[in-house]
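A.B. asks: Each chain, letter by letter, is given below.
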Amino acid sequence: MYLAYNTVAMEKLGKPVVMTCMKLFYDDARSAAARKGMATLRILPTPLTQRPEGEALRAGVSAIINDIVTALTKPLTAEEKSPAKEERKPARIIFKGNLQEVNWFFYKRGWAYGMPIIPPTEEAVAEMLKGTDLPGDHVVAKIPPRFGKATVEKIAVNAVMAGALPTYMPVLIAAVQALVDPGWYADCYTASIASWAPFWIINGPIRHDLHIHSGVSLMTPEWKANAAIAHAMGLIIKNLGGVRPGVEDMGAMGHEGKYNLCIAENEEESPWEPLHVEQGLKKEDSAVTVFFPNARSWLVHYGQDADGILRALCRIPYQGHLLGFGGMIMSPENAKGLANGGWTKKEVISYVRENARAPAHSVGLPSERQGGSMWTPKELMPVDPNFAVRLITTQKTFESFEPIRIIVAGRILTILYSGFMPHYGGWITKKIELPANWDQLVKKYKDIVPTYAH
Amino acid sequence: MDYEVLSPWGEVDPVPPRGILPRVTDLSGKTIGLFSFFKPVGPPLMREIERQLKERFPTAKFSHYQYPVHSVEIAEDDNYKASFEEWLKGVDTVVTGHGD
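Keeping their order, the protein sequence lines are chains S and D. Those letters in the first sequence? Residues 1 to 454, by the numbering used here. Those letters in the second sequence? Residues 1001 to 1100, by the numbering used here.
Rather than coming from a laboratory, the hints here were simulated on the basis of the structure. All C-beta atoms, glycine included, are put in the ideal place defined by N, C-alpha and C. Keep in mind that the hints are not guaranteed to be accurate.
Straight-line C-alpha distance at most 16 Å; calculated EDC-like pairs for lysine to aspartate or glutamate [what the hints assert, rightly or not]:
no. : chain 1 : residue 1 : chain 2 : residue 2
1   : S       : LYS283    : S       : GLU433
2   : S       : LYS431    : S       : GLU256
3   : S       : LYS12     : D       : ASP1002
4   : S       : LYS96     : D       : ASP1002
5   : S       : LYS74     : D       : GLU1011
6   : S       : LYS444    : S       : GLU55
Not everything, but these chain S residues come out facing chain D in the computed CB check (under 7 Å) [claimed, not checked]:
no. : residue
7   : ASN98
8   : GLN100
9   : TRP104
10  : PRO119
11  : PRO120
12  : GLY148
13  : LYS154
14  : TYR351
15  : ALA358
16  : ALA360
When you get a sec, could you build the whole thing from the sequences and use the hints?
C.D. replies: Below, the structure is given as structure tokens:
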């Protein structure tokens, strides 16, 4: 995506360019160039893999070298000189049909995940809009990479589709604001080959108003608020950010959490200050925080005391890249075990940062072959190239200190959601603003909770 | 029962389309810019492209530039914008790579 943007920049600065890319990324490059107004940029898909070496590199370039020459020298077509302007104003009412027809229509357009949606009728959207005092045409944000306008009405349309209640609208509006915060590059996360998934964490009194779950079976998408908020945000990223799988979303393996990672923090059972207070808000504020992990590890404690828990927290597997950030979703039981042993959150994080280690021989080898890379900076790579030495030494698993957080939720165990590359930024928190009729709205929907009636 | 439904797709501010620049007619004697992005494959790929282009166009010259920052538009990067534009002035045409 950004290579396409930079290639377009060169054309705009007066130099004819041809861009090469992996075949898999051709549509992504084409879409990115079109977003910059240069849909006819010459882009050459290649048979090269992500890290070709030696003969594979030579053969790969041989296969395309004539095409490179052609792209650099062949005269322009009429379309390349003067591309036609697309005149297309999207319709507001887009379709009419029965429930099945609406679902198939949305799915075929790429506007839904592979599961049913609630039809976003005028009536349903009007009800959803009662969850905010903002007018429907208010633009909350323009979401990258497509910079689609997230108007309050569009947020409500996607919220209806996801099965959200009107009381979720304040959370969704704040979550959209978090997505476009200048503290990070959201489109890097939503579109990256590394397949990141948005993880939403809710704090403050709104957790109880909306019954956002923080206890047993935490990560099972069982709970309406948890599931619908995450689903709505997944649809918003897809439909307003314009992130389509294989086109803008180049997640190589994808991620099952793209539309279902949302929890509340169990502030009442936590021995420490809650996440949103760490992030600078007041305890009585309601807030949404987001980060984008792509990996998950179970950290099963060896004992109930601080030592047993800490040893488990340090048993983080090395997965081919040093970790750049992580969210430890830690049960109240583990948190209290640590706190009872005198540990603060910051001390726990510092201990894990220092003591989570992998055998040095397993770290950095791909990067060593390529002379070091951003994934494993040279200063963190094993100093001794002697393989025998690397067999008996260890390497820190975490690349940096700051972007690790502990969120108290769930039961009994701890799960780490993590990722490499802290460079995109992370852990954005936004305060949730409530409408004037909040208490009435909460009262209207307060009984939408499972009772498991037999 | 039929449902009349609203579109969930976001509207965007239109970007005026523009064509690309005319090509050089021949690579002989030209200076070809080879721009690689931040990933490790960029420089070795560009070196191999140079090697194979030089076999075909012995009088062509080559100039490399690697932008080591990911996920940023170089035109907005105050640390690199000046050197990038200076480099671009010295070339006749460019190959960029390798998108992944």
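A.B. asks: Hints first: check each against the structure and report whether it holds.
C.D. replies: These are the hints, each one checked on the structure:
Of the pairs offered as hints, the one joining S/LYS283 and S/GLU433 holds, with about 14 Å between alpha carbons and a cut-off of 16 Å not exceeded. With a C-alpha separation of about 27 Å, the suggested pairing of S/LYS431 with S/GLU256 is violated against the 16 Å cut-off. Only pairs whose Cα atoms come within 16 Å are accepted, and S/LYS12 paired with D/ASP1002 is rejected, the gap being roughly 49 Å. This hinted pair checks out: S/LYS96 and D/ASP1002 have alpha carbons roughly 6 Å apart, not beyond 16 Å.
Of the supplied pair hints, the one linking S/LYS74 and D/GLU1011 is violated, its CA atoms being roughly 36 Å apart against a limit of 16 Å. For the suggested pair S/LYS444 and S/GLU55, the alpha carbons sit about 68 Å apart, so the restraint of at most 16 Å is broken. Nearest Cβ of chain D to the Cβ of S/ASN98: about 6 Å, under the 7 Å cut. The hint holds. Because the smallest distance between the Cβ of S/GLN100 and any Cβ of chain D comes to about 10 Å, over 7 Å, the interface hint for this residue is violated.
About 12 Å separates the beta-carbon of S/TRP104 from the nearest beta-carbon of chain D, more than 7 Å, and the hint is not met. Residue-level restraint check for S/PRO119 holds (minimum Cβ-Cβ distance to chain D is 4 Å; threshold 7 Å). At about 5 Å, the closest approach between the beta carbon of S/PRO120 and any beta carbon in chain D falls short of 7 Å, and the interface hint on this residue holds. About 2 Å separates the beta-carbon of S/GLY148 from the nearest beta-carbon of chain D, less than 7 Å, and the hint is met.
Below 7 Å, beta-carbon pairs count as interface contacts, and S/LYS154 has one with chain D at about 6 Å; its hint therefore holds. Hint status for S/TYR351: violated, given a least beta-carbon distance of 31 Å to chain D, over 7 Å. Taken as an interface hint, S/ALA358 does not check out: its beta carbon lies about 21 Å from the nearest beta carbon of chain D, beyond 7 Å. Below 7 Å, beta-carbon pairs count as interface contacts, and S/ALA360 has none with chain D, the closest being about 21 Å; its hint is therefore violated.
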